[in-house]
Each structure stands twice: as structure tokens, then as C-alpha cells.
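2 protein chains.
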Amino acid sequence: MPKPTGPADTPGQQSETALRADAERNRERILEAARRLFGTEGLGVSMASVAREACVGKATLSRRFDTREDLIDAVFVDRMDDYAESAVEALADPDPWRGFTRHIERICAMQAADRGFAAVLTQAFPTAKVIEARRAKSYQDFQELIRRAKATGHLREDFVADDVIVMLMANAGVIAATGDAAPDAWRRLSGHMLRAFATPGAPLPPMPPPPTTRDLYRAMIRYGRPSPDTTGTAS
Amino acid sequence: MPKPTGPADTPGQQSETALRADAERNRERILEAARRLFGTEGLGVSMASVAREACVGKATLSRRFDTREDLIDAVFVDRMDDYAESAVEALADPDPWRGFTRHIERICAMQAADRGFAAVLTQAFPTAKVIEARRAKSYQDFQELIRRAKATGHLREDFVADDVIVMLMANAGVIAATGDAAPDAWRRLSGHMLRAFATPGAPLPPMPPPPTTRDLYRAMIRYGRPSPDTTGTAS
DNA sequence: TACTAAGTGGAACGGCCTTCCCGCTTACCG
DNA sequence: CGGTAAGCGGGAAGGCCGTTCCACTTAGTA
Numbered sequence: 001m002p003k004p005t006g007p008a009d010t011p012g013q014q015s016e017t018a019l020r021a022d023a024e025r026n027r028e029r030i031l032e033a034a035r036r037l038f039g040t041e042g043l044g045v046s047m048a049s050v051a052r053e054a055c056v057g058k059a060t061l062s063r064r065f066d067t068r069e070d071l072i073d074a075v076f077v078d079r080m081d082d083y084a085e086s087a088v089e090a091l092a093d094p095d096p097w098r099g100f101t102r103h104i105e106r107i108c109a110m111q112a113a114d115r116g117f118a119a120v121l122t123q124a125f126p127t128a129k130v131i132e133a134r135r136a137k138s139y140q141d142f143q144e145l146i147r148r149a150k151a152t153g154h155l156r157e158d159f160v161a162d163d164v165i166v167m168l169m170a171n172a173g174v175i176a177a178t179g180d181a182a183p184d185a186w187r188r189l190s191g192h193m194l195r196a197f198a199t200p201g202a203p204l205p206p207m208p209p210p211p212t213t214r215d216l217y218r219a220m221i222r223y224g225r226p227s228p229d230t231t232g233t234a235s
Numbered sequence: 001m002p003k004p005t006g007p008a009d010t011p012g013q014q015s016e017t018a019l020r021a022d023a024e025r026n027r028e029r030i031l032e033a034a035r036r037l038f039g040t041e042g043l044g045v046s047m048a049s050v051a052r053e054a055c056v057g058k059a060t061l062s063r064r065f066d067t068r069e070d071l072i073d074a075v076f077v078d079r080m081d082d083y084a085e086s087a088v089e090a091l092a093d094p095d096p097w098r099g100f101t102r103h104i105e106r107i108c109a110m111q112a113a114d115r116g117f118a119a120v121l122t123q124a125f126p127t128a129k130v131i132e133a134r135r136a137k138s139y140q141d142f143q144e145l146i147r148r149a150k151a152t153g154h155l156r157e158d159f160v161a162d163d164v165i166v167m168l169m170a171n172a173g174v175i176a177a178t179g180d181a182a183p184d185a186w187r188r189l190s191g192h193m194l195r196a197f198a199t200p201g202a203p204l205p206p207m208p209p210p211p212t213t214r215d216l217y218r219a220m221i222r223y224g225r226p227s228p229d230t231t232g233t234a235s
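Read top to bottom, the protein sequences are chains A and B. Going by UniProt numbering, the first sequence opens with residue 1, and the numbers climb by one from there. Going by UniProt numbering, the second sequence opens with residue 1, and the numbers climb by one from there.
Please note that a few of the clues may not be correct.
[Said to hold, decoys possible] Computed footprint of chain B on chain A, listed as stretches where at least three residues anywhere in the stretch have a Cβ under 8 Å from a Cβ of chain B:
no.: 1; region: 78 to 92
no.: 2; region: 120 to 128
[Claimed, not checked] To spell it out: a stretch of chain A is covered by chain B in this simulated footprint if at least three of its residues, at any positions, have a beta carbon under 8 Å from a beta carbon of chain B; those stretches are:
no.: 3; region: 111 to 117
no.: 4; region: 197 to 208
[Unchecked claim] Quick partial rundown of chain B residues pointing at chain A, CB under 10 Å, derived from the structure:
no.: 5; residue: 126
no.: 6; residue: 129
no.: 7; residue: 186
In short, the hints are calculated from the structure, not lab data. These figures come from a predicted structure and were not determined experimentally. Glycine included, C-beta positions come from ideal geometry on N, C-alpha and C.
Based on the provided sequences and hints, a complete structural model is requested.
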């Protein structure tokens with residue numbers, strides 16, 4: 001009877017009875033495949049295609065992660081670490097306003113780099129404990145950052161933490177709509193957003209150039225296919 | 001020979017041989033059903049569900065509109081008229097900057113009022129002649145509006161027409177993400193965007209309040225289900 | 001009124017997805 | 001080693017979607 005360490009107390013997903021070596025290897029392959037597909041296609045890719053990409057049976061996938069949300073949780077832990085870390089870094093900056101602007105730019109860039117992650121930042125996954133913990137932590141730190149940034153006089157007084165969530169939703173929209181037809185369009189948005197958040201005299205990074213009309217049009221055409229963003233709520 | 005009883009000789013789609021009375025009635029029912037479903041669920045609802053909602057057979061639907069794009073074109077003609085009209089109205093305003101701000105607010109509101117239309121404004125449908133004509137017209141007028149608004153000194157010099165497309169994509173993202181859990185979140189975004197576009201002293205409408213944290217969180221949870229935005233490219 | 005072609009809905013089909021199940025393989029412990 | 005249960009893959013069943021075909025209905029005309 002392999003009855004190793006404590007039973008099921010790791011947050012989030014499945015039983016935690018320590019996998020057999022080959023099983024663990026498969027688990028890893030699934031995570032890699034999912035990371036790849038989520039990144040390029042968005043959350044919402046079929047579980048079947050994840051299994052196919054990982055070269056495992058469909059059964060193996062759902063045995064390891066019985067809901068899509070579990071898979072998402074496992075895939076994006078690292079990214080959420082980076083996300084939470086960004087707020088910490090921002091707080092560490094001696095100039096809170098510079099910390100603020102860089103934080104905004106960093107998290108927008110994180111969204112742009114991974115389409116699935118862009119969605120993760122704008123959705124809540126109640127059962128994904130790990131993700132939600134990181135999100136909460138970042139939110140806390142961000143509140144403090146706001147307080148300090150306002151004290152410099154460069155951040156608008158009416159700015160609130162939830163504005164950043166709205167911004168992330170907006171940015172996700174731009175990223176989903178432009179895809180790789182206009183891969184830098186999001187920079188233009190984040191440039192605008194910083195200008196919206198800043199008070200008149202505040203120092204700002206230079207405004208990124210707009211995407212070319214041609215690229216934007218290509219993006220509008222290309223757009224259309226598979227942007228499900230679906231989560232498949234746990235049953 | 002059936003007479004040409006104004007059954008809308010809309011360009012673009014199907015044969016235009018004037019439908020029989022009952023067929024025309026069905027066509028209308030399909031359009032109503034599609035308008036309703038596109039508005040609440042987004043483009044991307046299954047053609048089958050449109051047929052069901054319209055109480056016609058699936059065959060009837062695809063006989064009348066052989067591609068989803070045709071249906072979209074027919075459904076959104078009026079909305080696109082309003083859209084193009086908004087730019088005209090803006091040009092008619094003696095104060096170009098006020099015309100500009102109102103135009104921005106109006107088109108964002110149009111997106112918020114109809115989820116399908118929000119998608120239409122950020123996608124191109126090469127085969128949907130009617131829609132594309134209106135879009136082009138609006139774009140032209142908007143260029144002129146920009147020119148005049150810059151002349152007032154209230155619009156940033158580095159603003160370009162394509163910025164409004166990026167903004168529409170962003171707004172569509174917010175609308176898709178918040179749905180009716182936080183139905184006014186988009187106003188906050190448009191408020192930010194106007195502040196981003198304006199030069200320091202420019203007169204602006206008051207900043208809309210942010211959505212409540214509670215509503216935003218509900219939106220993040222609720223989000224996830226079926227926001228396909230898909231178009232089903234014509235084959 | 002009677003005829004005919006335009007118009008109809010449902011059945012059938014192929015594709016893709018998910019979930020469940022079952023017989024085979026193999027890692028690991030003794 | 002060798003036995004055993006953990007782990008595996010794929011097939012079956014069931015659900016939706018979109019398309020196509022076909023026998024029936026009915027609007028409009030003569």
C-alpha cells in the first residue's frame with residue numbers, strides 16, 4: 001500500500017498521493033501542451049486537443065485534472081507568481097509613480113505574451129485556490145502602491161484599484177482582437193491608459209506608435225475564429 | 001410575376017428575386033430572432049439556435065442566408081447607419097472637440113447596448129458590403145473630425161483615427177468580460193480613454209464612477225461561458 | 001377553382017467534442 | 001526477480017453543430 005505523505009491537502013486539485021514516475025512524466029507533458037495551447041489559442045481549447053497535443057489518451061488527461069479549471073490552475077501558477085511579484089517590485093521602487101507605471105506596463109505585457117493568461121487575469125476561478133491566492137496578494141500590494149503613487153501627486157486622485165481590472169479586461173480585448181496580425185497594438189492602449197491615470201504634469205514613458213492601418217485591418221479580418229475564452233465551469 | 005413589394009433590395013447577399021409573402025415574413029422573423037440572440041449572446045450563436053428562436057427550420061435559415069456573414073450583414077445594417085450617422089452629427093457640432101467627445105461616448109454606448117454589434121465594430125467582414133460601406137464612410141468623416149478637433153487644441157496631436165479602433169476593441173473586451181454583472185463598467189473605460197486623448201486643459205465630461213468591487217468580481221466569475229465572438233468565416 | 005413552382009420542416013449525415021468504461025501495460029516494492 | 005495495483009490508451013455512447021436532401025404544403029396566378 002503506497003500510503004505516503006498526507007492525503008489531499010494541497011490546495012486546488014486532485015488527490016495528492018504522489019504519482020508514479022511515468023504518471024508524473026505524463027502530467028508534465030500535459031502541462032507543457034496545455035501551456036502551449038492556452039498561450040496561443042486561449043483558454044477554451046478543447047480538452048481533447050490538449051490530450052492530442054500531449055500525446056496522451058483523453059482519459060489520462062481527465063484522470064489527472066478532472067476539470068478544466070484544475071488544469072488552468074496548475075498551468076498558470078508560475079505566471080501568477082510573476083504577476084504577484086510585479087507588484088512587489090513596484091513597491092520596492094523608490095519612486096512610487098515610476099513603480100506604478102512600470103507595473104502597469106509589465107502586467108499588460110504579460111497578457112500580451114500569453115493569450116490564456118490574459119483571460120486568467122480577467123476571470124475568477126473560485127476553485128483554483130493557487131491562482132486566487134496570488135491574485136488577492138497582488139491586489140493588496142497594488143492598493144498600497146496606489147496610496148504611495150497618489151502621494152507623489154502624479155496619480156489621479158480618483159483612480160481606484162478596480163480600474164486596473166477594467167484595464168486588464170480592455171487590454172485582453174485588444175489582444176484577442178489583434179492577435180499576431182498587430183502584435184503591438186496593446187502597447188498603444190497601455191500608453192493611453194497611463195496618460196488617463198496620470199495627473200497633468202506627471203512624467204511618462206514615450207507614447208508607443210499606433211499600429212499601422214494595414215495591420216489593424218488584417219487583424220479585423222483575421223479575427224473571428226476561435227476566441228472562446230470559455231472555461232467550462234466545474235460541474 | 002410577383003410584384004416588387006419593397007422587400008428590401010439590400011445589396012450584399014442572396015439572390016434578389018423578391019420573395020413570396022410568407023417567405024418574406026419568415027425572413028423577418030429570422031432577422032428579429034438573430035437580432036435578439038446576437039445582441040445578448042454575441043455573434044457566434046449557433047445557426048441552429050437562431051432557427052429555433054425564429055421558429056423556422058434550419059433549412060429555411062440557410063436557404064435565406066447561406067453564410068453567417070450574410071445574416072450579420074442584414075441584421076446590423078440599421079446599427080451601422082446609426083454608427084455612420086454619429087460621425088456626421090459630430091461634424092455638425094459647432095464645437096469640434098465636443099463633437100469628438102460625444103461621438104466617442106455614443107459609439108461606446110452602442111457597443112454596450114448590443115454585444116453582437118460590439119463585435120461587428122471590431123471585425124471586418126469582407127463579403128458584407130453594406131456593413132463595410134458604412135464603416136468606411138464613418139472612418140472618412142472621423143478623419144475630418146480629428147483634424148478639426150486638433151485645431152481646437154484639445155485633442156492630442158499624436159492621436160490617429162486607428163486609435164478609435166483600438167479603443168473599440170478595448171471596449172468590446174470590457175463589455176464581453178463584464179456583461180450584465182457590471183453593466184456600466186465600460187463607461188469608466190470611455191472616461192479614461194477621453195482623458196487619454198485630451199490635452200491637459202481640455203473640457204471633459206465628468207468621470208464616471210468605477211464599478212463596485214463586488215460587481216466586478218461577479219463579472220469575473222460569471223465570465224467564462226459562451227463568448228465565442230466567432231464568425232464562422234464564409235467558406 | 002385549379003394548377004404549379006416557390007417555399008417549407010424534418011430526417012439523415014459527418015464532424016467535433018466530452019464522459020465513461022474496459023482490457024492491457026508497466027513501474028515499483030518486497 | 002515476480003506479483004500487483006496504478007496507470008494507460010482507445011473505443012463506445014451521447015450531445016450539439018452545420019449541411020444537404022426530399023416529400024409535403026401553399027401562395028399566387030390564370
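Status of the hints after comparison with the structure:
no., hint, in the structure
1, 78 to 92, "violated (count 0)"
2, 120 to 128, "holds (count 4)"
3, 111 to 117, "violated (count 0)"
4, 197 to 208, "holds (count 3)"
5, 126, "holds (6 Å)"
6, 129, "violated (15 Å)"
7, 186, "holds (8 Å)"
Checked against the numbered hints listed earlier, the structure breaks hints 1, 3 and 6; every other hint is satisfied.
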